[in-house]
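Number of protein chains: 4
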Amino acid sequence: MDEYRLWEKRQKDKGTDIEWVKSKLHSFTVETPSWGYGDSGTRFNVFRQQGMPRNIFEKLEDAAQVNKFTGMCPSVAIHIPWDKTDDYDKVRRFASDLGLKIGSVNPNLFQEDEYRLGSVCNADPAVRRKAIDHLTECVHIARATGSKTISLWIPDGTNYPGQGDFRKRKEWLLEALSELNSAMDDDMRMLIEYKTFEPAFYHTDVADWGMAYAFAVKTGKKAQVLVDLGHHPQGVNIEHIVAFLLDEGKMGGFHFNNRKYADDDLIVGSINPYELFLIFNELISGELDPRTRNTAENIAYMIDQSHCIEPKIPAMIRSVLNVQTAYAKALLVNRQMLEECRNRGDVLGAEAVIREAFETDVRPLLQVVRQEAGLDPDPMKAYLQSGYEEKKLERDK
Amino acid sequence: MDEYRLWEKRQKDKGTDIEWVKSKLHSFTVETPSWGYGDSGTRFNVFRQQGMPRNIFEKLEDAAQVNKFTGMCPSVAIHIPWDKTDDYDKVRRFASDLGLKIGSVNPNLFQEDEYRLGSVCNADPAVRRKAIDHLTECVHIARATGSKTISLWIPDGTNYPGQGDFRKRKEWLLEALSELNSAMDDDMRMLIEYKTFEPAFYHTDVADWGMAYAFAVKTGKKAQVLVDLGHHPQGVNIEHIVAFLLDEGKMGGFHFNNRKYADDDLIVGSINPYELFLIFNELISGELDPRTRNTAENIAYMIDQSHCIEPKIPAMIRSVLNVQTAYAKALLVNRQMLEECRNRGDVLGAEAVIREAFETDVRPLLQVVRQEAGLDPDPMKAYLQSGYEEKKLERDK
Amino acid sequence: MDEYRLWEKRQKDKGTDIEWVKSKLHSFTVETPSWGYGDSGTRFNVFRQQGMPRNIFEKLEDAAQVNKFTGMCPSVAIHIPWDKTDDYDKVRRFASDLGLKIGSVNPNLFQEDEYRLGSVCNADPAVRRKAIDHLTECVHIARATGSKTISLWIPDGTNYPGQGDFRKRKEWLLEALSELNSAMDDDMRMLIEYKTFEPAFYHTDVADWGMAYAFAVKTGKKAQVLVDLGHHPQGVNIEHIVAFLLDEGKMGGFHFNNRKYADDDLIVGSINPYELFLIFNELISGELDPRTRNTAENIAYMIDQSHCIEPKIPAMIRSVLNVQTAYAKALLVNRQMLEECRNRGDVLGAEAVIREAFETDVRPLLQVVRQEAGLDPDPMKAYLQSGYEEKKLERDK
Amino acid sequence: MDEYRLWEKRQKDKGTDIEWVKSKLHSFTVETPSWGYGDSGTRFNVFRQQGMPRNIFEKLEDAAQVNKFTGMCPSVAIHIPWDKTDDYDKVRRFASDLGLKIGSVNPNLFQEDEYRLGSVCNADPAVRRKAIDHLTECVHIARATGSKTISLWIPDGTNYPGQGDFRKRKEWLLEALSELNSAMDDDMRMLIEYKTFEPAFYHTDVADWGMAYAFAVKTGKKAQVLVDLGHHPQGVNIEHIVAFLLDEGKMGGFHFNNRKYADDDLIVGSINPYELFLIFNELISGELDPRTRNTAENIAYMIDQSHCIEPKIPAMIRSVLNVQTAYAKALLVNRQMLEECRNRGDVLGAEAVIREAFETDVRPLLQVVRQEAGLDPDPMKAYLQSGYEEKKLERDK
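Those protein sequence lines, which keep their order, are chains S, L, W and D. If you read the first sequence in numbering that gives the first Met the number 0, its first letter stands for residue 0, the second for the next number, and so on. If you read the second sequence in numbering that gives the first Met the number 0, its first letter stands for residue 0, the second for the next number, and so on. If you read the third sequence in numbering that gives the first Met the number 0, its first letter stands for residue 0, the second for the next number, and so on. If you read the fourth sequence in numbering that gives the first Met the number 0, its first letter stands for residue 0, the second for the next number, and so on.
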């Protein structure tokens with residue numbers, strides 16, 4: 000605790016409102032995805048791990064472990080049909096008993112044979128119908144599980160020049176969004192995800208934030224944009240996009256992960272932790288501004304990764320802690336000093352305010368925050384010592 | 000002519016409407032920029048060439064040569080203050096006597112010392128005022144020269160995290176656009192250009208088409224988006240963006256050039272000619288669709304390149320001819336067959352329709368079109384033999 | 000034939016040695032891979048097609064169709080263990096009866112559970128042993144099938160900073176290459192492939208041509224580099240690398256495909272046909288230079304693609320024809336004029352020589368070359384009309 | 000000091016050898032470039048700053064300030080002809096009086112009109128001769144100034160397909176390197192820099208580390224590779240290249256800077272500080288390994304940036320401090336624990352060892368190290384308060 004006291008003193012000397020920082024950390028949550036607890040891989044191979052959950056209930060049990068040790072993951076995203084079941088109320092109660100709730104509902108528009116040339120953008124109206132019906136089915140599932148969010152990734156696209164009619168496909172997509180919008184309750188929202196490429200390799204129908212934004216504006220106020228950190232071309236300034244969408248009231252959710260190359264789906268914060276911090280810096284700036292506060296405070300933070308070689312639950316804990324670390328550092332930015340530097344054109348001064356917050360070691364703070372919440376200060380160690388990893392193996396028997 | 004007759008027969012057998020193709024080619028025009036006739040270079044060096052024009056009048060003389068031999072460059076973009084003069088009516092008349100008119104007027108927001116930290120997005124209101132005044136000055140120049148287009152590149156951005164407030168800068172930019180909009184006549188339009196990076200290296204205030212589009216929508220119907228082919232991250236599908244903007248009525252103009260790496264500003268069509276063809280394929284599709292025809296037919300096609308090592312006028316002729324070649328090939332796409340392939344999900348068939356149009360050698364066609372227009376069938380050779388290159392050298396005396 | 004005669008005349012006027020061009024085309028071959036005839040997909044899904052071959056024999060039957068209609072694909076690459084069998088002599092005879100021979104043998108170091116953290120670069124010596132044994136097994140299979148080529152893709156790498164020791168892994172890899180080298184006959188060669196990323200996402204042990212080259216130099220004269228067109232970062236000039244490797248005597252083989260983003264494995268020549276042409280331009284330059292001729296003439300040209308949504312055999316025919324088209328265009332480059340332009344510093348002249356060869360429509364030439372070889376001038380159409388696609392469906396019964 | 004004592008205790012508990020860390024920090028040096036003290040810009044503009052040095056002597060005075068406050072910049076790179084003078088012995092003595100020595104000598108092969116189409120790779124033998132003479136002139140200057148290093152950037156390349164003969168240019172380059180090598184003393188070395196693109200935009204004659212490595216191997220033991228952090232395509236794993244070159248004994252020097260897009264030349268560590276840390280992690284690993292120690296300990300660390308909008312001396316101080324920070328963090332990596340994790344295949348464990356060293360706040364350590372060296376613990380603040388910035392302005396009078 001000496002370390003923390005010294006840490007706190009130094010922050011207070013700099014003008015940090017420690018209580019505000021702590022309260023923000025106490026209320027900060029990140030959603031984990033049910034599919035993050037099972038096997039996943041690349042197109043080259045799926046390396047099978049032991050003790051994998053066999054259904055949505057076991058996935059929820061695993062997710063509950065992450066919440067138990069981090070204290071910040073009370074909701075779980077589900078994916079239809081991977082988590083399909085005949086009794087969603089049972090899912091809801093099972094989750095509730097574990098201290099969890101169902102978060103976003105994710106339709107799947109990429110795994111049916113009919114979707115070979117697209118789902119809602121397919122030239123065949125029968126396929127489009129099937130895809131739209133699946134979307135509205137997901138609204139029912141959301142209602143049944145208590146979820147308020149449809150997280151919508153349109154995986155449609157083409158592989159070759161000429162293969163599809165860009166503008167017709169755009170119209171078809173708008174029709175699907177419109178129908179989905181009508182099916183949704185007024186207190187639900189849809190998050191429109193974009194992605195540059197993959198699984199299509201020539202064009203993607205929602206290729207970038209600009210398209211997702213345009214679709215969201217046309218669809219109406221229930222629609223916002225979802226930013227997946229791995230879905231941009233190299234070199235794109237994501238924090239700038241986040242600020243832009245915040246300003247427009249259309250920043251709705253995140254899929255956290257990290258990449259060095261394409262949509263690598265590695266642990267968030269493991270490749271470029273500064274980028275993650277800079278994104279949170281914009282989000283907190285948005286929370287502090289009355290014009291953008293409401294949008295900023297309602298953003299859905301979600302993990303979406305593919306742990307091909309890592310043990311699943313530890314990888315998820317690591318991911319969540321990395322997000323918490325970035326968030327904590329961003330809370331420490333001296334915003335008054337930053338604004339002064341900006342106003343007087345002090346480039347190096349402004350840069351220093353940001354960088355120094357990032358260079359601050361927030362581990363003393365986070366340990367105290369966890370203790371205040373009744374958690375072990377080292378969630379990873381506590382989990383690994385809990386025996387759950389061994390217990391999971393019984394599933395294979 | 001045997002060659003052309005055989006070529007024409009083969010096209011007619013495929014169902015091509017040759018007269019329509021020719022009429023499109025006869026009316027197709029590309030604007031060249033005044034600054035393309037003078038020295039330019041990289042940050043490492045500007046290699047000085049001989050016979051460079053010393054003022055806007057000599058630049059217009061050079062531009063007139065390109066129009067004389069290609070028959071498709073009747074307008075010239077000007078750049079303020081590079082082409083500043085005290086008698087714009089004289090410029091207009093001088094151009095007219097050369098068979099030219101003044102095309103887009105390009106404000107310069109990057110070469111004043113005050114713009115070190117930005118122009119219309121500068122934190123200093125006095126700098127913003129100066130920048131906006133320059134924009135409205137350009138409207139006056141447009142009026143005086145008979146131009147109807149303000150081609151607006153906002154070079155503002157920051158070099159370091161923290162340096163600028165993204166959202167405040169967005170507001171300032173909107174204010175500037177609004178004031179410019181008010182200053183413009185109803186029959187004028189502004190083309191908002193976007194660029195990923197350079198001269199700023201951390202963030203650019205109008206970084207991508209999505210931002211330019213959002214600014215154009217907010218500014219109103221006089222505002223559209225300008226696509227510069229070199230202003231995207233690697234891997235971006237430009238023809239898809241073009242189709243999207245067309246569909247939204249916001250596709251306003253092009254800056255043609257080509258790049259392998261960043262904003263290399265090489266001769267259009269010299270690095271990836273297929274991409275240029277695919278862009279024109281979308282534009283012609285837009286012209287043929289009643290919903291997008293008006294937008295498509297009013298697009299301003301402009302060259303914007305930096306010929307660091309090439310002779311200026313030949314490089315411009317080469318550029319214009321490459322654009323014409325891509326356009327001609329795109330006119331040959333069998334759109335009925337394309338639609339049939341798309342409708343029946345014939346991926347390879349649709350791809351073949353597009354690729355085969357590209358593989359067609361259009362030189363026989365273009366030679367005939369030029370002859371019909373009273374031009375030499377080989378504009379480059381004709382120019383080089385005209386003696387103008389030698390005559391230009393007198394400027395150095 | 001009028002068209003060809005006119006075409007030929009025009010080429011002869013330009014100084015093209017048509018007989019040489021034709022003889023090059025008649026002897027040009029491209030290897031197709033056995034795995035290209037079965038289902039493949041992305042990490043998101045494998046769309047199952049009908050009539051898929053069930054074993055190496057049926058794959059050879061499909062490959063024989065491609066050779067039958069294109070006349071240029073007499074060898075087939077095999078992949079172990081996908082094509083594993085207990086009687087390789089039978090495979091060899093079966094192929095021979097179809098007019099085929101077995102081309103390169105491709106070891107698989109990515110699909111065993113033990114390879115989760117690498118194969119020949121794994122920290123566990125037992126795994127490395129297993130992997131090396133597989134490599135030497137492939138030498139035996141090569142001997143048994145009459146193949147002279149081991150095509151070696153090392154898929155090893157790490158997903159996170161710190162995960163592996165770069166330099167130790169380099170040593171382990173060298174040991175494996177050395178052992179493979181010793182196992183190989185003197186008239187065999189190994190082709191070392193490189194790849195920037197995937198399936199590993201932080202580092203790949205043979206990440207670029209420079210590493211593959213260094214490993215090939217250390218391994219000895221049996222080792223050369225294999226260039227897969229999709230295995231580079233965006234913006235890399237592949238034709239330059241090809242020329243460099245040629246000059247060093249280390250250019251050994253190609254995996255042809257095309258990409259817009261990452262290792263998209265689309266049909267070669269479908270996204271950037273000019274790049275493919277420019278690569279062949281270097282290869283032909285290498286064939287004409289006594290210093291590099293031997294290397295250039297022994298390059299193994301192979302298709303390596305993933306046809307996720309296309310019918311398999313037509314996609315392979317399309318690929319092979321696109322390679323032939325690029326090769327034919329490159330044969331037409333006027334190399335004497337090119338050298339003259341280069342020597343006098345005529346940038347636009349040199350560029351024009353190259354571009355004009357690319358702009359030439361080689362379809363009249365290729366049709367005649369096919370007829371001379373007893374083939375149908377339109378291989379795709381002839382194949383589709385042959386009834387083989389329908390016959391294949393019997394496999395599903 | 001309480002903070003440091005606590006910091007030290009925590010490190011000792013983890014097994015860190017603090018004295019070794021401090022000794023490494025005390026002997027660590029970074030070279031600054033003379034050209035970093037004058038105006039620089041982009042191709043769009045050079046914003047002029049006040050108080051700029053007017054010659055090599057004033058640049059050395061500025062460099063001495065950076066050394067005075069950071070204690071780690073005792074050598075200064077010079078650039079010929081920018082720093083050309085008729086009395087290099089005077090330069091040497093002037094530097095010595097300031098506590099400085101002349102570091103690397105940098106030839107300039109890009110600013111003469113003759114170099115428009117290349118210098119040592121120019122098709123014109125007279126231009127090649129001129130370029131080689133300049134290289135050997137730089138050896139004389141190195142001798143006269145006491146420098147032992149020729150830092151060689153070959154800016155040659157082409158802008159268009161066809162423009163140059165890749166393989167001939169390679170031969171010409173080798174001839175130049177050979178002649179330079181012969182001119183150099185045995186205790187001198189040449190560092191061969193590579194760069195993907197710019198100022199040439201189609202191909203660069205030394206485009207990547209593989210080419211620089213091959214040229215260095217052929218040239219002989221005096222030649223090594225120089226890694227500029229901004230000279231790679233997007234996504235390249237630089238730390239892997241560094242480890243590879245170290246292992247080959249060819250890692251010779253660094254040009255430090257940072258980029259988000261292309262060769263942005265921003266302050267090192269300002270955009271991706273984790274990457275800088277990971278590079279140092281490999282370098283320290285190399286220093287600790289007897290096989291690579293000699294190479295690692297002789298690496299020339301140099302700043303090479305372009306401060307377009309920042310005040311020059313503060314930007315240089317910031318850069319040097321960022322390098323020191325990354326180096327200090329890399330010294331804290333627990334290498335024993337790292338190796339254990341790697342050996343047992345503990346992916347998350349190994350990653351944690353690396354990440355946690357990076358997350359450690361090294362400011363308490365660096366402040367103590369500076370105090371031990373008789374420096375102000377806050378070099379930036381101390382410099383800004385020193386009055387030198389104001390004194391510099393007298394140069395403008």
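Bear in mind the hints are in silico, worked out from the structure with no lab data behind them. A couple of the hints might just be wrong.
Claimed, not checked - Examples of chain S residues lying across from chain L (beta carbon under 7 Å, computed): (1) 79; (2) 129; (3) 208; (4) 234; (5) 237; (6) 277; (7) 295; (8) 310; (9) 349.
Stated by the list, open to error - Straight-line Cα separation of at most 25 Å, DSS-like style, residue types lysine-lysine; simulated pairs: (10) D:221 - S:380; (11) L:11 - W:220; (12) D:167 - D:89; (13) D:167 - D:100; (14) S:21 - S:83; (15) S:380 - D:13; (16) L:129 - L:23; (17) L:100 - L:8; (18) D:129 - W:167; (19) S:217 - L:220; (20) W:380 - L:13; (21) W:217 - D:221; (22) S:221 - L:147; (23) S:167 - L:100; (24) D:83 - D:129; (25) W:220 - D:217; (26) W:11 - L:8; (27) D:221 - W:221; (28) D:8 - D:23.
In this text the structure is predicted, and so the values were computed from the model without any measurement. The beta carbon of each residue, even a glycine, is placed where N, CA and C say it ideally should be.
Quiz item: Within a Cα-Cα threshold of 25 Å, do residue 83 of chain D and residue 129 of chain D meet the stated pairing?
Solution: holds, 17 Å
Quiz item: Within a Cα-Cα threshold of 25 Å, do residue 8 of chain D and residue 23 of chain D meet the stated pairing?
Solution: Given that 25 Å is the threshold and the Cα spacing comes to 19 Å, the pair holds.
Quiz item: Is the straight-line distance between the alpha-carbon of residue 129 of chain L and that of residue 23 of chain L 25 Å or less?
Solution: The given pair, whose Cα atoms are some 43 Å apart, is violated under the 25 Å limit.
Quiz prompt | Hinted contact residue 310 of chain S with chain L - closest CB pair below 7 Å | solution = violated, 33 Å
Quiz item: When the nearest CB of chain L is found for residue 277 of chain S, is that gap smaller than 7 Å?
Solution: The hint holds - residue 277 of chain S has a Cβ within 7 Å of chain L, the shortest such distance being about 5 Å.
Exercise. Would you mind confirming whether the straight-line C-alpha gap from residue 11 of chain W to residue 8 of chain L stays at or under 25 Å?
Key: With Cα atoms ~24 Å apart, residue 11 of chain W and residue 8 of chain L stay inside 25 Å; holds.
Self-check item: Straight-line alpha-carbon gap residue 217 of chain S to residue 220 of chain L, limit 25 Å
Solution: holds, 17 Å
Exercise. For the pair supplied as a hint, residue 100 of chain L and residue 8 of chain L, confirm whether the alpha-carbon distance does not exceed 25 Å.
Key: violated, 38 Å
Self-check item: Restraint status (C-alpha distance of residue 129 of chain D to residue 167 of chain W at most 25 Å)
Solution: Measuring from Cα to Cα gives roughly 45 Å; hence the hint is violated.
Quiz item: Does the interface hint hold: is residue 295 of chain S within less than 7 Å of chain L, judged Cβ to Cβ?
Solution: violated, 11 Å
Quiz item: Holds or violated: are the alpha carbons of residue 167 of chain D and residue 100 of chain D at most 25 Å from each other?
Solution: The given pair, whose Cα atoms are some 39 Å apart, is violated under the 25 Å limit.
Quiz item: Would the pair residue 217 of chain W and residue 221 of chain D pass a check requiring their Cα atoms to be no farther apart than 25 Å?
Solution: With a Cα-Cα distance of about 21 Å, the restraint between residue 217 of chain W and residue 221 of chain D holds, given a limit of 25 Å.
Figure legend: structure checked against the earlier numbered hints; hints not met, in rising order: 1, 2, 5, 7, 8, 10, 11, 12, 13, 14, 16, 17, 18, 22, 23, 27.
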